[in-house]
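J.: Residues per chain are reported as follows:
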Amino acid sequence: MPADFTPDDLKRILREGAGTDDAVDLDTDILDTAFTALGYESLAMLETFGRIEREYGIDLAEDTLTDDLTPRRLIAVITGQLSGTPAA
Amino acid sequence: MTTGTPAGERTTVVVTGLGVAAPNGLGLDRYWSATLSGDSGIGPLERFAAASYPARLAGEIKGFKAEEQLPGRLLAQTDRMTRLALVSADWALADAGVTPEETADYAMGVITASHSGGFEFGQRELQALWSKGGKYVSAYQSFAWFYAVNSGQISIRHGMRGPSGVVVSDQAGGLDAVAQARRQIRKGTPLVMSGAVDASLCSWGWVAQLAGGGLSTSDEPERAYLPFDADARGYVPGEGGALLVLESAGHARERGAGQIYGEIAGYAATFDPAPHSGREPGLRRAVELALADADTEPDAIDVVFADAAGLPEPDRLEAEAISKVFGPRRVPVTAPKTMTGRLYSGAAPLDLATACLAIRDGVIPPTVNISPADEYELDVVTRARRRPVRSALVLARGHGGFNSAMVVRAVPA
Chain A
1 MPADFTPDDL KRILREGAGT DDAVDLDTDI LDTAFTALGY ESLAMLETFG
51 RIEREYGIDL AEDTLTDDLT PRRLIAVITG QLSGTPAA
Chain B
1 MTTGTPAGER TTVVVTGLGV AAPNGLGLDR YWSATLSGDS GIGPLERFAA
51 ASYPARLAGE IKGFKAEEQL PGRLLAQTDR MTRLALVSAD WALADAGVTP
101 EETADYAMGV ITASHSGGFE FGQRELQALW SKGGKYVSAY QSFAWFYAVN
151 SGQISIRHGM RGPSGVVVSD QAGGLDAVAQ ARRQIRKGTP LVMSGAVDAS
201 LCSWGWVAQL AGGGLSTSDE PERAYLPFDA DARGYVPGEG GALLVLESAG
251 HARERGAGQI YGEIAGYAAT FDPAPHSGRE PGLRRAVELA LADADTEPDA
301 IDVVFADAAG LPEPDRLEAE AISKVFGPRR VPVTAPKTMT GRLYSGAAPL
351 DLATACLAIR DGVIPPTVNI SPADEYELDV VTRARRRPVR SALVLARGHG
401 GFNSAMVVRA VPA
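Here the protein sequences come in this chain order: A and B.
Quick note: the first sequence uses the working numbering, first residue 1, plus one each step.
Quick note: the second sequence uses the working numbering, first residue 1, plus one each step.
Just chain A, with the same shape it has in the complex:
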C-alpha cells in the first residue's frame, strides 16, 4: 500500500474514476474548493471514495462526505488514516 496521499494522487483518481469537467482545471489551486463546486456530485464522490479505499486499503467513514468537503480536508482524512492518526 502507498504510504502517503498527495494532491496529485487525488487528481489522478478523480480523472480515472469520475473524469474531469471541461469547465474545471484540476491543475489550478483547487484544494479549498468544495468538490460540489468542482462538479463532483455524490455519485462521483462515491466512485472516487471507492477507488481510494481499494488502492490505499483504508475505509472512509460515510460521514466523511459532506456537502462542503474540500480536497484539502479529504487529503487530511486519508493521510490521517494512512499514518494511524485520525484527522483532527
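Honestly, I wouldn't trust all of these hints.
[As the list claims (entries may be wrong)] Result set (EDC-like, lysine to aspartate or glutamate): computed pairs, CA atoms no more than 20 Å apart in a straight line:
#	chain 1	residue 1	chain 2	residue 2
1	B	65	A	63
2	B	132	A	63
3	B	324	B	379
[Unchecked claim] These stretches of chain A come out as covered by chain B in the derived footprint (C-beta under 8 Å, 3 or more residues):
#	region
4	16-25
5	48-56
6	63-70
FYI, nobody ran anything at the bench for these hints, they're computed from the structure.
All of these numbers come straight from a predicted model, not from anything done at the bench.
Beta carbons are placed, not taken as given, at the ideal position from N, Cα and C, and that holds for glycine.
Let chain A serve as the given structure and place chain B on it in line with the hints.
T.: For chain B alone, coordinates are given in the frame of chain A:
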C-alpha cells in the same frame, strides 16, 4: 391494440431534426450518401475476438471518437450506446436549429427506446465483480447499463425536463417510442427528442443475441443477411440508430424551423396471438390501423420500409401482410438495413430518418445483395429508385409478438 389519440385532438407532429449513427455512415449526410450508393457497413466483427463464436459478422460503427465529442465527466459514466446517443442527439438538435438553453426546460422531453441497455459497460463491471469483488464495481454501473439511461443522459445534458422515459419492446420499440413522443406533444409538450440508439457488440451482448436465435452464421458479408431472398439465412446484428427532434407543427412554425422533414401521420401497434393458435399474426392489422390513423389509403403510400427479419418464416409473414393490404407487387418495398444489420430498437428510428430523406430528395434507397424470391410477390427496390415520395410506411417487429407500423408524410410547405 393502441393508436394515436382520439380524433378531435389532432395536433400535427413533425420531424424537424435528425441525428444518425449507422454502421455505413456516422452522421446524417455520410449515412445517406452511403445508403443511396448501396455501401454496406457489415463486415467481420473487430470489437472483440469473435472467431470462436457461431456468428462472426456485424454492422460496426467505425471511427467513432467519443472523447472528441463529449466531456470527460460523461465518458466516465457512459456505455458506448449512450455516447453514440448523446452525439446523435447533439446532431439532431443542431440539424433542427434548436438551442435547448434558449427553450424552457419543461417544454422539451426525451423519449427513447432501448433493446438491451449498456451491455459493454455492464460486462466490464460484472467482470470486475467476479474477479476482484464488489469494491471494484464502478458506482456508475448503478445506471450506465440501464434501459432508460440514454433518455436520462440526453435530458440532463440539454436540460430537457419535460415528459421523458423509455420504451422497451425490442425492435418495435423504435416506433413505439416515437408514438409515445407524439402523444406527449399532443398533450401539450412542444418538443420531444425521440428515437433510439443501441449498441451491444461485446462478447456478453453477443452471447445474449445468439441465445435469441436468428443470427446469420455466414462469413460472407454480402451473403449473410438476405431478407425476402430464397437464400435468407438469418440476420446480422448492428449498432446505432437515429434520434429525431419532434415538435408540434405550430411550435416548429413559430420558431422558424429551418426544415420540416415530414409529419408522423399515423401509428398503430398490435400483439401477435399465441403461437400455434392458427390465428393470423398482428402485422397486417398494425398496418391497416396505422393507415387509418393517418387517414390514408394504401395507394397513397409510396414506399414501405420493411422490418426484414431475414428468416424465411417471418419474411413470408411480412410479405403476406404487405400484399394483403397493398396488393401483390403494388408498393415499392425496401430494407436499407441490409447495409447496417438489424439495429434492434435503433432500426426503426433510422428507417424513419431514411424515410424523411427519401421524401426530401425523391428517391427510394435500395435493399442490397438480395434477389427477391418470386413467391413473396413484393416489389423490392434493389437499386436506388428516383420517384416522388410523399408518404412512407415503416414497419418494425419485436421478439415475442410486437408489431408496430408508422406513417411518415410530407408536409406541404
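J.: For each hint, tell me whether it holds in the structure or not.
T.: Going down the list of hints, with the structure as the test:
1. B:65 - A:63: Violated. Residue 65 of chain B to residue 63 of chain A sits at ~39 Å, over the 20 Å cutoff.
2. B:132 - A:63: violated, 26 Å
3. B:324 - B:379: holds, 14 Å
4. 16-25: holds (count 6)
5. 48-56: Satisfied; 3 residues make the cut.
6. 63-70: The restraint on the region 63-70 of chain A is violated, since only 0 of its residues have a Cβ under 8 Å from chain B and three are required.
The structure fails hints 1, 2 and 6 (numbered hints given earlier, in ascending order).
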